[in-house]
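Trainee: Each chain, letter by letter, is given below.
Number of protein chains: 2
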Amino acid sequence: MTLSADQGARLVALLTDIAIINQLTSAAATRVLAPQLGLSEYSLLNHMVRRGDGETLTRLARAFQVSKPSMTATIGRLAAKGLVRVESDADDGRAKRLRITDAGRNAHALGRARLATLQSELFDGYDIAALIEHADALARLREHLDAQRNVRDGLA
Amino acid sequence: MTLSADQGARLVALLTDIAIINQLTSAAATRVLAPQLGLSEYSLLNHMVRRGDGETLTRLARAFQVSKPSMTATIGRLAAKGLVRVESDADDGRAKRLRITDAGRNAHALGRARLATLQSELFDGYDIAALIEHADALARLREHLDAQRNVRDGLA
DNA sequence: TTATGTTAGTTAGGCAACTAACTATAAAAG
DNA sequence: CTTTTATAGTTAGTTGCCTAACTAACATAA
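Protein chains in written order, with my numbering: chain D, 6 to 161; chain Z, 6 to 161.
Incorrect hints may appear among the rest.
Identical copies carry no separate label here, and so any pair may be met within one copy or between two of them.
To be verified - SDA-like cross-link-like pairs, simulated, lysine to any residue; straight-line CA separation at most 20 angstroms:
hint: 1; residue 1: K101; residue 2: A66
hint: 2; residue 1: K86; residue 2: Q41
hint: 3; residue 1: K86; residue 2: A121
hint: 4; residue 1: K73; residue 2: A33
hint: 5; residue 1: K73; residue 2: R15
hint: 6; residue 1: K73; residue 2: L29
hint: 7; residue 1: K73; residue 2: A24
hint: 8; residue 1: K86; residue 2: S75
hint: 9; residue 1: K73; residue 2: A32
hint: 10; residue 1: K73; residue 2: A134
hint: 11; residue 1: K73; residue 2: T61
hint: 12; residue 1: K73; residue 2: G98
Note that these hints are calculated values from the structure, not bench results.
Use the sequences and the hints to build the structure in full.
Mentor: Below, the structure written as structure tokens:
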């Protein structure tokens, strides 16, 4: 299948807008979390607070759709700050279980409050209800691209 | 203004989807351009082909909404590959003018062809027309966030 | 029981973005 | 005309992502 030139150009424009939105929002989030936490570190703490800890690195990497080396680095930074503990699995000598510490829960709560404030500021005077109407279309696009990636990786 | 908890959660989900879409598409683009070009390098060549060369580093950084050090690094990689030439400005001893070389134009053409192929593969069987209907909403969001950033930086 | 293959995680190296702090030049203010 | 301020660009260091290549441990089958 070949795209028309016009469709191709519109698609590029849409993906460019998405890249810029991502850049601006993640930069803002990174700023308000600094210097205690990086954004990926907050995201990982958030996952543990909401869905429980005790997961392995590989399962976390899959949940966040990042590579294992990325997850290794993020866990390493959190462990260095004492916000998580890495325990070895009794049943599988290869696996490691990730546990959040009390300090980790405190850091997460602080980050969460700062992000809530940021969200209010950033979307002050913006019609969020109208924006949310487009959420489904983006979710479908994400699912399609994810499926394509799995095909490429032979995971389909 | 405070967001409702529900709105906040939906907004986070939407921004998360945007981050993942950006991640998947830019990773795919990076793969097909490698190892000749990085994605930021292609983007810069594309800008010079379409809008003409001879711009300064600072103006390019502003056009791409990236920091000056990022642009310095991107230009440095392109210059090392002989795809651009950096000329000093006769009128302003601080400024540098960026020129694309013939090798740069060739590299751009090759990258463009590869990206077109990728686009066809990635969106094979996807309803692009339906997707494009949401482009305006994303453009508005981008503009809003960009305006907010300018307020913060005192550029309003 | 050994050989084969898979899975968990790390290391190494590269791209791309950021901020903070710097040099050099130009422009404005005194 | 000198001093101050602003602008152009670089350097240094961090975050965060990637792929490729590796070790260690587990699972299965000859």
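Trainee: So, for every hint listed, does it hold in this structure?
Mentor: Hints and how they fare:
With identical chains, the CA atoms of K101 and A66 are at most 20 angstroms apart within one copy only, with a shortest distance of 13 angstroms there and 43 angstroms across copies. Taking the closest pair of Cα atoms, K86 and Q41 come within 20 angstroms of each other only inside a single copy of the chain (9 angstroms); across copies the shortest separation is 39 angstroms, beyond that limit. With identical chains, the CA atoms of K86 and A121 are never at most 20 angstroms apart, being 23 angstroms at best within one copy and 45 angstroms at best between copies. Taking identical chains as interchangeable, the C-alpha atoms of K73 and A33 lie at most 20 angstroms apart only when they sit on different chains, with a minimum of 18 angstroms there against 26 angstroms within one chain.
Taking the closest pair of Cα atoms, K73 and R15 never come within 20 angstroms of each other, the shortest separation being 34 angstroms inside a single copy and 28 angstroms across copies. For the identical chains of this complex, K73 and L29 are inter-copy neighbours only, at 16 angstroms across copies versus 26 angstroms inside a copy, given an alpha-carbon limit of 20 angstroms. Proximity of K73 and A24 under a CA criterion of 20 angstroms is satisfied inter-copy only: 18 angstroms between copies versus 23 angstroms inside one chain copy. For the identical chains of this complex, K86 and S75 are intra-copy neighbours only, at 17 angstroms inside a copy versus 28 angstroms across copies, given an alpha-carbon limit of 20 angstroms.
For a Cα distance limit of 20 angstroms, the shortest separation of K73 from A32 across copies, 15 angstroms, qualifies, whereas the shortest one inside one copy, 23 angstroms, does not. In this assembly of identical chains, the alpha carbons of K73 and A134 never lie at most 20 angstroms apart, being 36 angstroms within a copy and 36 angstroms across copies at closest. Taking the shortest Cα distances, K73 and T61 sit within 20 angstroms of each other inside one copy (11 angstroms), while across copies they are farther apart (39 angstroms). Taking CA atoms no more than 20 angstroms apart as the test, K73 paired with G98 passes inside one copy only; the shortest distance there is 18 angstroms, against 47 angstroms between copies.
Violation of the numbered hints given earlier is confined to hints 3, 5 and 10; the remaining hints are satisfied by the structure.
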